[in-house]
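J.: If you want the building blocks of each chain, they are given just below.
There are 2 protein chains.
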Amino acid sequence: MTGDCAPRTLADLDEDGLLAQTLPRFATSDDVLVGPGDDAALLQVRTGAVIATTDTMVLGRDWLDEWSTGSDVGHKIVVQNVADIAAMGGRCTGLLVTLIADPATPLQWVLDFNAGVDEAATAAKTVVLGGDLSSAPPGVRAVSVTALGELDGVSPVLRSGAQVGDVIAVCGTLGHAAAGLLLLQRDSGDAPEAGPVASDLVLAQRRPRAPYKQGPVAARAGATSMLDVSDGLVRDAGRIARASGVRLDLDVDALAPDIEMLAPAVGPDAARECVLAGGEEHALLATFPPEGVPAGWRTIGSVLPGDGVTLGKVPQTGGGWDHFGARFR
Amino acid sequence: MTGDCAPRTLADLDEDGLLAQTLPRFATSDDVLVGPGDDAALLQVRTGAVIATTDTMVLGRDWLDEWSTGSDVGHKIVVQNVADIAAMGGRCTGLLVTLIADPATPLQWVLDFNAGVDEAATAAKTVVLGGDLSSAPPGVRAVSVTALGELDGVSPVLRSGAQVGDVIAVCGTLGHAAAGLLLLQRDSGDAPEAGPVASDLVLAQRRPRAPYKQGPVAARAGATSMLDVSDGLVRDAGRIARASGVRLDLDVDALAPDIEMLAPAVGPDAARECVLAGGEEHALLATFPPEGVPAGWRTIGSVLPGDGVTLGKVPQTGGGWDHFGARFR
Chain F
1 MTGDCAPRTL
11 ADLDEDGLLA
21 QTLPRFATSD
31 DVLVGPGDDA
41 ALLQVRTGAV
51 IATTDTMVLG
61 RDWLDEWSTG
71 SDVGHKIVVQ
81 NVADIAAMGG
91 RCTGLLVTLI
101 ADPATPLQWV
111 LDFNAGVDEA
121 ATAAKTVVLG
131 GDLSSAPPGV
141 RAVSVTALGE
151 LDGVSPVLRS
161 GAQVGDVIAV
171 CGTLGHAAAG
181 LLLLQRDSGD
191 APEAGPVASD
201 LVLAQRRPRA
211 PYKQGPVAAR
221 AGATSMLDVS
231 DGLVRDAGRI
241 ARASGVRLDL
251 DVDALAPDIE
261 MLAPAVGPDA
271 ARECVLAGGE
281 EHALLATFPP
291 EGVPAGWRTI
301 GSVLPGDGVT
311 LGKVPQTGGG
321 WDHFGARFR
Chain B
1 MTGDCAPRTL
11 ADLDEDGLLA
21 QTLPRFATSD
31 DVLVGPGDDA
41 ALLQVRTGAV
51 IATTDTMVLG
61 RDWLDEWSTG
71 SDVGHKIVVQ
81 NVADIAAMGG
91 RCTGLLVTLI
101 ADPATPLQWV
111 LDFNAGVDEA
121 ATAAKTVVLG
131 GDLSSAPPGV
141 RAVSVTALGE
151 LDGVSPVLRS
161 GAQVGDVIAV
171 CGTLGHAAAG
181 LLLLQRDSGD
191 APEAGPVASD
201 LVLAQRRPRA
211 PYKQGPVAAR
221 AGATSMLDVS
231 DGLVRDAGRI
241 ARASGVRLDL
251 DVDALAPDIE
261 MLAPAVGPDA
271 ARECVLAGGE
281 EHALLATFPP
291 EGVPAGWRTI
301 GSVLPGDGVT
311 LGKVPQTGGG
321 WDHFGARFR
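Protein chains in written order, with UniProt numbering: chain F, 1 to 329; chain B, 1 to 329.
A portion of the hints provided could be inaccurate.
To be verified - Listed next, with one range per pair, are the computed distances between beta-carbon atoms:
hint: 1; chain 1: F; residue 1: P196; chain 2: B; residue 2: T122; range: 47 to 57 Å
hint: 2; chain 1: F; residue 1: S155; chain 2: B; residue 2: E66; range: 22 to 32 Å
hint: 3; chain 1: F; residue 1: G17; chain 2: B; residue 2: G312; range: 24 to 34 Å
hint: 4; chain 1: B; residue 1: P137; chain 2: F; residue 2: L304; range: 50 to 60 Å
What the hints contain is simulated information worked out from the structure, not anything from laboratory work.
Glycine included, each C-beta is placed from N, C-alpha and C at the ideal position.
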């Protein structure tokens with residue numbers, strides 16, 4: 001680095017310099033007893049147990065730089081993780097953020113990524129506790145977040161508690177992120193003539209939103225099982241069915257408005273596929289006793305004896321995002 | 001997958017199948033209220049706060065398949081993280097394990113990796129709480145661990161508490177992992193004629209050991225600052241100096257035996273470099289009041305007014321492992 005050239009890639013800085021440049025002034029909270037900068041962070045735990053989850057995004061598999069900015073990626077990796085905390089009935093209290101990057105990565109990308117992380121953390125009322133930076137071979141970039149949280153006195157809502165006679169309910173949209181991905185793949189999402197619905201769908205793909213607060217609400221309302229829709233409705237419902245030893249029957253009429261809403265943007269067949277198999281949505285999917293569905297949730301099916309997932313009693317198989325099989329995209 | 005061909009790479013299995021195959025029967029503990037398999041894990045916290053840290057290893061940067069087995073990598077990523085918990089004065093209570101891998105990765109590598117993780121976790125008296133699997137572009141493989149822990153009533157030992165008049169002490173070896181790496185680079189580590197010292201050094205590189213229990217011991221003895229030697233003695237001592245606003249003066253005579261021990265295997269100049277700048281060692285480095293050094297620790301210097309790191313009063317700069325500058329190797 002010579003003269004007045006500003007650093008442009010990670011290779012222009014040593015690790016300490018990189019941390020000094022890129023560790024943004026992340027928001028903090030009273031619960032953070034030791035924050036970033038030491039061997040580890042120390043986070044107060046008020047209710048006797050900590051929830052912990054981790055999720056990763058890899059360049060070229062989970063995002064493309066052509067479609068998502070660093071800020072988008074930072075936002076999305078936080079949402080994915082906080083949604084997993086919410087899906088247990090919990091509240092996120094802190095994040096560890098890991099960046100694995102080719103030294104040729106533009107510094108600006110890292111600054112944008114951190115800004116997206118910080119913005120999404122603030123929106124989720126959580127904070128960055130620390131993390132790790134690792135260099136990687138040419139072209140490689142991945143981000144990974146671990147989220148910690150607390151239950152604030154409610155019992156954790158697992159996947160295994162659905163009971164025959166319960167109803168299935170969802171909070172949040174279905175298939176929007178997948179429809180947004182389709183529009184990006186067709187190169188039609190950002191076109192002005194695509195209209196506001198298309199641009200909302202692309203935004204749902206780039207910067208998904210999850211109804212975090214409804215996780216604890218569902219837990220208090222007596223949800224018997226819950227998860228967030230990360231790999232597709234049928235696939236994720238199948239996880240509840242398998243863990244609970246029941247059948248989840250989805251209601252054709254209840255899902256029709258979701259499909260109709262997407263059809264003008266992506267076509268009717270793709271709309272159906274997005275609603276049933278679209279991942280990365282992070283809506284909350286739960287089962288409740290019939291009288292227990294809280295406000296803000298809509299009933300989309302019922303829990304029956306048997307196994308697997310049916311749609312209007314017709315068995316559904318596969319679909320959704322599979323990391324190693326990569327069926328959906 | 002057809003006929004009687006066993007799955008050979010990750011691409012032969014879908015994600016659920018991969019998890020079923022690769023999630024080994026990790027050991028568990030009474031503190032694990034919800035283990036692997038749900039949206040998140042739930043870990044009991046007995047003392048009001050959780051320690052959290054994360055560390056990553058990337059194929060081609062942090063390990064080579066020619067030199068390290070999957071089991072070695074699993075072992076090492078656990079040791080690195082548990083050492084960070086110990087360096088705060090804590091005890092590790094749980095791990096989240098992330099694998100990012102090209103679908104062409106042999107399944108056997110993943111099984112070996114998990115076995116190494118489990119073995120190292122058991123040795124550290126900790127457990128795997130959960131994790132994440134992500135696919136990656138061709139040739140890419142990385143592993144990341146988040147470690148959680150508790151302080152059991154001691155105060156956290158930070159990098160910032162070293163006081164003028166303290167002594168510097170170390171628990172564990174210095175430079176062995178770096179010397180082992182040199183031997184591997186020279187292709188002489190595994191040669192039978194290299195002798196038992198060489199093969200111990202290579203083992204220290206492949207499967208480092210850290211004196212975890214001495215972290216809480218040091219905290220109880222009144223350590224004023226502590227970290228584990230992950231990037232090199234001078235570099236890591238410099239972090240304590242900077243955080244504490246003091247100078248750390250290393251004693252030439254105290255380090256001479258460390259250098260002498262390595263010299264026959266790697267030569268005298270490289271031995272000195274390994275001891276002063278060798279990373280990945282995970283010995284614990286701490287400062288104590290002069291009368292406070294616990295059994296099992298040896299004094300290697302003193303804390304003086306000023307800044308930076310000196311060796312027999314001679315200023316030392318740089319050295320050690322830098323992720324993005326990559327000076328050492």
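J.: For each hint, tell me whether it holds in the structure or not.
T.: Do the hints match the structure? See the list:
The supplied range of 47 to 57 Å is met by P196/F and T122/B, whose beta-carbon atoms lie about 56 Å from each other. For S155/F and E66/B, the Cβ-Cβ distance of about 49 Å falls outside the hinted range of 22 to 32 Å, so the restraint is violated. Hint check: G17/F to G312/B, Cβ distance near 28 Å, so the stated range 24 to 34 Å holds. At roughly 42 Å, the beta-carbon separation of P137/B and L304/F lies outside the given 50 to 60 Å, and the hint is violated.
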